[in-house]
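Student: Quick note on numbering: the sequence shown equals residues 10 to 109 in the numbering used here.
Just so you know, the hints here were simulated from the structure itself, not pulled from any lab data.
Glycine residues also receive a C-beta, built at the ideal position from the N, C-alpha and C atoms.
Accuracy of the hints is not assured; some may be wrong.
Claimed, not checked - Now the in silico label distances, taken between C-beta atoms and shown as ranges:
1) Pro106 - Ala60: 33 to 41 Å
2) Asn108 - Gly35: 21 to 29 Å
3) Glu44 - Asn108: 36 to 44 Å
4) Ser77 - Glu20: 15 to 23 Å
5) Asn108 - Asn45: 43 to 51 Å
6) Asp34 - Ala13: 31 to 39 Å
7) Val107 - Glu47: 22 to 30 Å
8) Glu44 - Pro106: 17 to 25 Å
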Amino acid sequence: MTTAALTAGLERIPDQLGYLVISEDGVLASAGELENDEHTAGVIMQMVRTACRFRLSGSTEAPFKRMSVILEDFVYVVTISGQKVFVVKRQNTPHEPVNV
Numbered sequence: 010m011t012t013a014a015l016t017a018g019l020e021r022i023p024d025q026l027g028y029l030v031i032s033e034d035g036v037l038a039s040a041g042e043l044e045n046d047e048h049t050a051g052v053i054m055q056m057v058r059t060a061c062r063f064r065l066s067g068s069t070e071a072p073f074k075r076m077s078v079i080l081e082d083f084v085y086v087v088t089i090s091g092q093k094v095f096v097v098k099r100q101n102t103p104h105e106p107v108n109v
């Protein structure tokens, strides 16, 4: 699969600061603030592996498809598709809670 096919649409995500496409073999593609960021890729992959250990009894499906790591100024949005992990770093724009 070409790099363009892997990253199609990632650069159009609003408020994105960078992205990673990761497989078990390492970083397949990267850009922006996450370009060549092997350390962040390793940390994210360890989080994904840990989260994948939490399976519901009897289930063969992955326990999640999307994970968010929310920090004060930015958020990492992690999506698993096939054998690849897509990570997008976005600007965090917190909203005030709605009181009813």
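Student: All hints are to be evaluated individually against the structure, with a verdict given for each.
Tutor: To see whether the hints hold, each was checked on the structure:
The given range of 33 to 41 Å is broken by proline 106 and alanine 60, whose C-beta atoms sit roughly 27 Å from each other. In this structure, asparagine 108 and glycine 35 break the distance hint of 21 to 29 Å, their C-beta atoms being roughly 47 Å apart. Our hint of 36 to 44 Å for glutamate 44 and asparagine 108 holds, since their Cβ atoms are close to 41 Å apart. For serine 77 and glutamate 20, the Cβ-Cβ distance of about 20 Å falls inside the hinted range of 15 to 23 Å, so the restraint holds.
At about 44 Å, the beta-carbon gap between asparagine 108 and asparagine 45 stays in the expected band of 43 to 51 Å. At about 19 Å, the beta-carbon gap between aspartate 34 and alanine 13 misses the expected band of 31 to 39 Å. Between valine 107 and glutamate 47 the beta carbon distance is about 40 Å. The supplied range of 22 to 30 Å is therefore violated. Range check, glutamate 44 to proline 106: about 35 Å between beta-carbon atoms, so the 17 to 25 Å window is missed.
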